[in-house]
Amino acid sequence: MKQAMVNNISVEDDSWRQPGSKSYYWMILAGLAIMLVFCLIVAWWWGSFMAVSFSSEPIADAGNHANFVKPLMHDAGKLLILGSDHIGRNLWLQMADSVSRAFIWTGLIIIFAYVTGALAGILAGFYQGRLTALWRLLNGFLLIFPPLLFAILFLHDINNQSSDVAQAWLLLCAIALPIMAMVLRHVRAWTLMICQHDFIRMAKIRDEKPIYIIFIEIFPNMMWLLLSDLLIRYSHVLVLLVLLGFLGIDLPFGLGLWGQLIGEGRQYLSITPHIIIVPCMVLISVMTGLYLLAGGIRRYHQQHLRKII
Amino acid sequence: MYPLARLATRRFLLLLLGLWAVSMFAFWVLWDAQNITANSLDDFGSAFAGGRPQGYFVTLLSAYFEWWLNFLTGDWGFSYHYQQSVSHIVGTHFLNSLLLFASGALGMIIMTLLVGALCAFYQKSWFDRLMMPMGSLLNKASMLLILVGLALLTTQGNIVSNQQILTDDGFDLGMLALPIISMILFGFGMIIYPIRKNIEQMMQSEYVEMHAMKGLSFADIILKYLLNKILLRIIIIMLRGFAELFSALLLVEIWFNYQGLGALLLQSALVMDKQVLIACLMLVSMMILLCKYLAIMIGYCSNPIKFVKKDDGKAHETSLLRQVWQIKE
Numbered sequence: 001m002k003q004a005m006v007n008n009i010s011v012e013d014d015s016w017r018q019p020g021s022k023s024y025y026w027m028i029l030a031g032l033a034i035m036l037v038f039c040l041i042v043a044w045w046w047g048s049f050m051a052v053s054f055s056s057e058p059i060a061d062a063g064n065h066a067n068f069v070k071p072l073m074h075d076a077g078k079l080l081i082l083g084s085d086h087i088g089r090n091l092w093l094q095m096a097d098s099v100s101r102a103f104i105w106t107g108l109i110i111i112f113a114y115v116t117g118a119l120a121g122i123l124a125g126f127y128q129g130r131l132t133a134l135w136r137l138l139n140g141f142l143l144i145f146p147p148l149l150f151a152i153l154f155l156h157d158i159n160n161q162s163s164d165v166a167q168a169w170l171l172l173c174a175i176a177l178p179i180m181a182m183v184l185r186h187v188r189a190w191t192l193m194i195c196q197h198d199f200i201r202m203a204k205i206r207d208e209k210p211i212y213i214i215f216i217e218i219f220p221n222m223m224w225l226l227l228s229d230l231l232i233r234y235s236h237v238l239v240l241l242v243l244l245g246f247l248g249i250d251l252p253f254g255l256g257l258w259g260q261l262i263g264e265g266r267q268y269l270s271i272t273p274h275i276i277i278v279p280c281m282v283l284i285s286v287m288t289g290l291y292l293l294a295g296g297i298r299r300y301h302q303q304h305l306r307k308i309i
Numbered sequence: 001m002y003p004l005a006r007l008a009t010r011r012f013l014l015l016l017l018g019l020w021a022v023s024m025f026a027f028w029v030l031w032d033a034q035n036i037t038a039n040s041l042d043d044f045g046s047a048f049a050g051g052r053p054q055g056y057f058v059t060l061l062s063a064y065f066e067w068w069l070n071f072l073t074g075d076w077g078f079s080y081h082y083q084q085s086v087s088h089i090v091g092t093h094f095l096n097s098l099l100l101f102a103s104g105a106l107g108m109i110i111m112t113l114l115v116g117a118l119c120a121f122y123q124k125s126w127f128d129r130l131m132m133p134m135g136s137l138l139n140k141a142s143m144l145l146i147l148v149g150l151a152l153l154t155t156q157g158n159i160v161s162n163q164q165i166l167t168d169d170g171f172d173l174g175m176l177a178l179p180i181i182s183m184i185l186f187g188f189g190m191i192i193y194p195i196r197k198n199i200e201q202m203m204q205s206e207y208v209e210m211h212a213m214k215g216l217s218f219a220d221i222i223l224k225y226l227l228n229k230i231l232l233r234i235i236i237i238m239l240r241g242f243a244e245l246f247s248a249l250l251l252v253e254i255w256f257n258y259q260g261l262g263a264l265l266l267q268s269a270l271v272m273d274k275q276v277l278i279a280c281l282m283l284v285s286m287m288i289l290l291c292k293y294l295a296i297m298i299g300y301c302s303n304p305i306k307f308v309k310k311d312d313g314k315a316h317e318t319s320l321l322r323q324v325w326q327i328k329e
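Protein sequences appear in the order of chains A and B. 1 is the number of the first residue of the first sequence in the working numbering; add one for each residue after it. 1 is the number of the first residue of the second sequence in the working numbering; add one for each residue after it.
Chain A extracted, bound-state conformation:
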């Protein structure tokens, strides 16, 4: 045991960092995982060619446990591949609808958060001084609450807003602001690291315009890391939307449906577990794909690109 303890004290094995080792299999696996989810949506569109029921009408005696349609069972002569939910709606249809809405809105939220956060972070890192101190103070306030709590506080009353535009802006701000704060912090740190290099000093000596230095010299060096971070945050925002629906927050534009399926399905867990298993499996599939893709991009950046950060 003593010998084992002495021998086991070793440096970390970092052979995967050696040039030449293939890291693209991560991307392939990621693509396969995400494809599973997109098949769900695509199948909904060409479902007319299959003997599969895509009716959105609830079956008779909805709510009665005996009338739950389990996966791969028939209802009125048509096959329900994923079965029905607790009130008899086609689960595949519900999932495809909720997933497509969640994907679109998550994309909008992430784009808004990253554009504003990255821009603010680069400016805060490039122009250091009192402005940076102010940014850090505001950032600190936004990060006091976890994103879930922040979203609950802003969105618990969202349906009382008068117009769809107001609801959309409130949804965007409630979820995007904490993400923006985190992105700002990371991008500012990366900008400070990049600005220490000689090529930035040379650009300043050449009297290049700040906009040139920011978008031509600084931004391309953090682009891949930003993309990797964006994919991970995308999965976090997706999970946040599911959580808000699960907690009973009545989100607009049908965004709460995914979480509501999980929340309502847990009451029938011992009878028909597929109602909760299917949404969770879809969520796991998306998260796995996004994490693998982010990992593949990060490894590509570390192995093949000049390491500035």
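Note that these hints are calculated values from the structure, not bench results. All values reported here derive from a predicted model rather than from experimental measurement. Misleading hints may appear alongside valid ones.
Covered by chain A, according to a simulated footprint, are these stretches of chain B (three or more residues, beta-carbon under 8 Å) [as the list claims (entries may be wrong)]:
(1) 14-23
(2) 143-151
(3) 175-188
(4) 280-290
For each label pair, taking beta carbons as the anchor points, the in silico distance ranges come out as [claimed, not checked]:
(5) S100/A to L227/B: 15 to 23 Å
(6) V115/A to L95/B: 42 to 50 Å
(7) F199/A to L99/B: 29 to 37 Å
Each residue gets a CB set at the ideal place from its N, CA and C atoms; glycine is no exception.
Chain B: place on chain A using the hints.
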């Protein structure tokens, strides 16, 4: 001690500033404007007419300061939804959450310490190769997926009613097992990887290698030389990640229908009971800010990198931890 006092004072002022900002946000956003007379925005223009402040703005300010005064003296208002004083409701729910969180935290610390130490000592063994991916998986999976997984694996997938946990004779600790296990798994995923890395780095220090070569057992090295440092690191990581742990606690309370602070916060948000919501918000933000403050202070005091202190014009190195706790190395 001067740099420590400066850091402590600066951070404490930031903590107070954060609390004030949260109170402004809570009061401005959540307070029912109809409680205040003359809530027209036009009154902003006439706020200081005639040399005397008046109107909506002033009424709001005076209500805000009155609320702060009552808050500091313990009068948090009356909840019309629950028909009780807010301090009583929040107090009982807070104690429930404290019990669940404390039990979960104790389990997290023990499990992370044991598993982290074993994985760091027996690197690349089957145990290490099993535990690290599991920790990574638990870290990436949301608390919701952990709860669903536990519910599918156990027979207690259905909602556990409040009456089963909180009986007339007190707590039924058996029913608390699943909520505590959920918290432990979430915390384990959050903490295990950085702790394993820290233990690995500690093991590479010369005095640990010397003791290992002298023939001390794995348990002796951990208990005599590394335990306090590992515990400190675990506590610092938990304090820094308190916000995430609170979100997980909220989900656990909702899933198991456990009447804790997180469940109270959500319920008050859904029924628009603003008195309770503001009180919960203030309490939660105070806890999060205090935990972050403690994490910074403990991390600064226990920093193994010695900081330089000038004395009589000469710089010499001293370790604050060694001075305060006289740790043997």
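Coverage criterion applied to the region 14-23 of chain B (partner chain A; beta-carbon cut 8 Å; 3 residues): holds (count 5)
Just to make sure I understand the rule, a stretch counts as covered if three or more of its residues have a C-beta closer than 8 Å to a C-beta of the chain. Does the region 280-290 of chain B meet that for chain A? holds (count 5)
Assuming the hint says 42 to 50 Å, is it satisfied by the Cβ distance from V115/A to L95/B or not? 45 Å, holds
Coverage criterion applied to the region 175-188 of chain B (partner chain A; beta-carbon cut 8 Å; 3 residues): violated (count 0)
Is the distance from the Cβ of F199/A to the Cβ of L99/B consistent with 29 to 37 Å? Given about 57 Å between the Cβ atoms, the range is violated.
Coverage criterion applied to the region 143-151 of chain B (partner chain A; beta-carbon cut 8 Å; 3 residues): Three-residue rule met by the region 143-151 of chain B, so holds; n is 4.
Determine whether the Cβ-Cβ distance between S100/A and L227/B falls within the hinted range of 15 to 23 Å. 52 Å, violated
Hint compliance for this structure: hints 3, 5 and 7 are broken, all remaining hints hold.
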